[in-house]
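Please assemble the complex out of the two chains, which come individually in their own frames, going by the hints.
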Amino acid sequence: MLDNPYLHNPDAAASNPPTEGFVENLGMGDLVRRSATAELPPPTRQLTPVAKLIDVSKCIGCKACQSACIEWNNTTPAIEENVGTYMNPHDLTPEMFTLMRFAEWVNPETENLEWLIRKDGCMHCADPGCLKACPAPGAIVQYSNGIVDFIHENCIGCGYCIKGCPFNIPRISRVDHHAYKCTLCSDRVAVGQGPACAKACPTQAIVFGTKDDMKKHAEERITDLKSRGYKNAGLYDPEGVGGTHVMYVLHHADKPHIYNDLPDNPKIPPIVVAWKGVTKSAGLALMGFAAAGAVLHGLFARANRVSAEDRENAQQLLDGNKPGGRA
Amino acid sequence: MSETILVETGDAIRPGNPPMVERYRLGARINHWTTAIAMVLLVLSGLAMFHPSLFFLSTIFGGGQNTRTLHPWIGIILSVSFLVLFIQFWRANLWNRADLSWVAHIGDLVGGHEEKVPEVAKYNAGQKFVFWAMALLILALLSSGIIIWDEYFSNLTTIEIQRIALLAHSILAILAICVLILHVYAGIWVRGSFDAMITGSVTAGWAWRHHRKWFRQLAAGTAGEERRSRES
Chain A
324 MLDNPYLHNP DAAASNPPTE GFVENLGMGD LVRRSATAEL PPPTRQLTPV AKLIDVSKCI
384 GCKACQSACI EWNNTTPAIE ENVGTYMNPH DLTPEMFTLM RFAEWVNPET ENLEWLIRKD
444 GCMHCADPGC LKACPAPGAI VQYSNGIVDF IHENCIGCGY CIKGCPFNIP RISRVDHHAY
504 KCTLCSDRVA VGQGPACAKA CPTQAIVFGT KDDMKKHAEE RITDLKSRGY KNAGLYDPEG
564 VGGTHVMYVL HHADKPHIYN DLPDNPKIPP IVVAWKGVTK SAGLALMGFA AAGAVLHGLF
624 ARANRVSAED RENAQQLLDG NKPGGRA
Chain B
24 MSETILVETG DAIRPGNPPM VERYRLGARI NHWTTAIAMV LLVLSGLAMF HPSLFFLSTI
84 FGGGQNTRTL HPWIGIILSV SFLVLFIQFW RANLWNRADL SWVAHIGDLV GGHEEKVPEV
144 AKYNAGQKFV FWAMALLILA LLSSGIIIWD EYFSNLTTIE IQRIALLAHS ILAILAICVL
204 ILHVYAGIWV RGSFDAMITG SVTAGWAWRH HRKWFRQLAA GTAGEERRSR ES
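Those protein sequences? They're chains A and B, same order as listed. Everything in the first sequence is counted per the numbering used here, starting at 324 for the first residue and increasing by one. Everything in the second sequence is counted per the numbering used here, starting at 24 for the first residue and increasing by one.
Here chain B stands alone, though its shape is the one from the complex (with noise of 0.2 Å):
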């Protein structure tokens, strides 16, 4: 079915020595950064709040009482962030069955043997992955955070399902920390992936090279992208 998504707006070949391909536009990068930060504060402040050994993290938000007092409106700040990010990425992101081979050639790609994977579109599997991942663990850290957010909501709910919102919270926090470091070393593993995100392009090898399918559909789709933005 995504075949039709094979590329999001804004995405489009630069002629020129190299030649490179618009990947992220400003507004997607923009709230991309926000989203890091936030999630790398939340991180921080929640660690320190989660096991003795790191509660000197503390002192970088200026001490546990303003941690405690940060944590909850980062995450909203978070929250709002990502939902934008969300609508802008979720459609290129929908899963289809080319995935599942993606999916069976994991060996090859971590091997070192990209060309034994199957050519991928705007994000592969394993993309995809960390952006559904992310979408549901969000929701969920954000729905059990604000159960626990004792300034505003204690008077919510039972001290029981409090307990319960704690523990979820914590472990829903652990699997988030798992996905953002795979996530994070995915994006410095493979090489260009961590520009792409600053200056909002790629080289056209690159694209070859990692997003085929997606290349070849901009490639097919220039001459009329270029009459198309002449005319508007």
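Same shape as in the complex, but just chain A (with noise of 0.2 Å):
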């Protein structure tokens, strides 16, 4: 099994990389999903599926996720002006592709104040909006882990995939024309290594392992949230997108639009939906009914040309005469 081990513990991402070697996965065989291809090979084997998990009520706002992020993706946002908010820069972008987003909430129950930090970035849908919105062969793929991965050099730029995305991730590069955002660190799980948001984390509130992994150590977290009040405390997993590769632990679950407008209930957009299939597949069929109509006609009607009877009646009539009756 070409499974990689470091995947099956949750501390992964906080351990040392692996020192041994071993075989490089996520690559053209491991593909289940590939934008604008009609006919994908099925992939040649199946990875077990991995998830990041992000849990807000451990999450202390440091940003060193951002940081690690930037550090390893090798991006350079620019320097902002602060706008009263500890948010920094003012919203994901082509050098940013996670954010430290943070909400100040009074709980109408208790009338406390609630400081609630979220890290936004790609989910990595099960059923990517991307995707399914993108033109462009092979610019959005998905591995059988569960990674969404932007492929830069397919990518022509057009921003379909930000009307695709439920959650308003993807940013398009003004200098390269690419969209950008979280790759889940496709290039360092492919090795064995949890993404560097995880590893930078210091309160380990951003763990990677497998789903299973993920979500059995959401519920220990869930379970010692709702002995200290939170008795909406949750896992946000959307089934609207067919669940997510990167989880949230909520304490309040049962509200998740508090959280920065977290979509409560996200799902590809209907119209995203409808252009994306009936519009494409009845349209290019009336187009053809169309092309295909004008040329068996042009076969097999006979064209409409002027007779000599035409031609004498308009000299006819040029030459002042009455013409003779109707052509």
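Treat the hints loosely; a few may be bogus.
Below are the EDC-like pairs computed for lysine to aspartate or glutamate, each with C-alpha atoms no more than 16 Å apart in a straight line [to be verified]:
#1 B:Lys151 with B:Glu31
#2 A:Lys538 with A:Glu562
#3 B:Lys236 with B:Glu137
#4 A:Lys386 with A:Asp414
#5 B:Lys139 with A:Glu632
#6 A:Lys590 with B:Glu183
Quick caveat, the hints were computed from the structure, so don't treat them as lab data.
What follows is the structure in structure tokens.
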């Protein structure tokens, strides 16, 4: 089995990287979905689904994850102005794949001010809207371990992925006109390491491992939170997008929107589904029928030509004579 | 009402063998073909981004990135070019009651019995339909296209509006392509029409057969027209 033993350990990201070599995964044979590709050969093997678990209740808002992300991906987000919040930069950008979003929320039951910090970024949906919307073959792929990745050399920069995404994640670079987002550190995962953000997190609010293990770990955390009075604590693994490979433990899982507009029930927007479904196939058929009809009529119907009679009648009219009856 | 607008500026009978009728001025023809080339390029680049099975069309433009960059600019060229075309042609394309009876005889026309179809002025109802359909579709395609022109206008609207615009742009484009197919086919099926848009003139026989009301008007006015052109 080529599976990576480190994936079974929830603390893999915090542990040291493997010293022994093993076969790199996440190649062409691991693709389960490929954008704008009708016939994708079935994957040669099934990798164990992985997940990143972000425990919002353990996050201290230090932004080590952002720094690690910048360092690993070698991006250089612009230095911005302080706009009155700890959030920096002001939004996800083509250079900033993950962002701590801060919300000050007054709990109506306790009247306590709660500081809700959510690490925003790609959720790696099982049913990815970006991939569905993408018109460029192979610009967005999904591996059998669940990671959704942008293959920049195939990207055409149209921004359709932005319209397909229920979480408003992808950003188009105005420099190289490619779409960017969190890769779940697919390049690190492929060689047995956890994502850079998880590696850097000082409180292990971010952990990485198999999706099953992450769910189990989440359960323990939720039990703990409930025992501390957070009766609505729960796991955010939304079904509307088939579940996600980045999950949250929320202390108020009954209202995800309080965490800086985390969608309560995300799904691929119906308009995108209509566009990429019936419009695409029916539209192509309609245009095909119109073209085929024109060709067939052209081949089998007689052309509409000017007759000798038409010419005579025209001449008579010009000569000032009354043309002889209708042509 | 449009009985007074049977002919357009520049329309004239040129005696000879065979006698010819000037139908499209040079400016109008240049405009038409600019619009036509832009339209074909838009269809090819648009289809490449519409359906994966047609993505190979992007190679015509030098790859997907170029296709994505060029498509909206070609759209701007088309919009400007069509606007000029619209200003030149709209009066003669106003709808009137005679067009209804033409529509009622559409079966005779397609069936090869054009003699049963009522006499037509400069444009028949089918041509008028293509004109107005394209005018409306291009306006709507331009509006929705600007909304989804990510490079410059992505901050102008919300993503939800952009989603709607994307769906609308696709549907409108499909309709425009169907109208385009109708227009090109009619131009080929009615022999002599294509040449008219190249050379600007048609034979008197063609004018008699397809646009008799227009031809009669020109024939009746020829003497006066000639006098005016000599004086100027």
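Tested hints:
1. A distance of roughly 15 Å separates the Cα atoms of B:Lys151 and B:Glu31; the hinted pair therefore holds under the 16 Å criterion.
2. For the hint linking A:Lys538 to A:Glu562, the alpha-carbon distance of about 14 Å falls within 16 Å, and the restraint holds.
3. For the given pair, B:Lys236 sits about 14 Å from B:Glu137 by alpha-carbon distance, which is consistent with the 16 Å threshold.
4. A threshold of 16 Å between alpha carbons decides the hint, and for A:Lys386 with A:Asp414 the separation of about 14 Å falls inside it, so the pair holds.
5. For the hint linking B:Lys139 to A:Glu632, the alpha-carbon distance of about 15 Å falls within 16 Å, and the restraint holds.
6. For the proposed pair A:Lys590 and B:Glu183, the alpha carbon gap of about 13 Å is at most 16 Å, so the pair holds.
Comparing the model with each numbered hint stated earlier shows that all of them hold.
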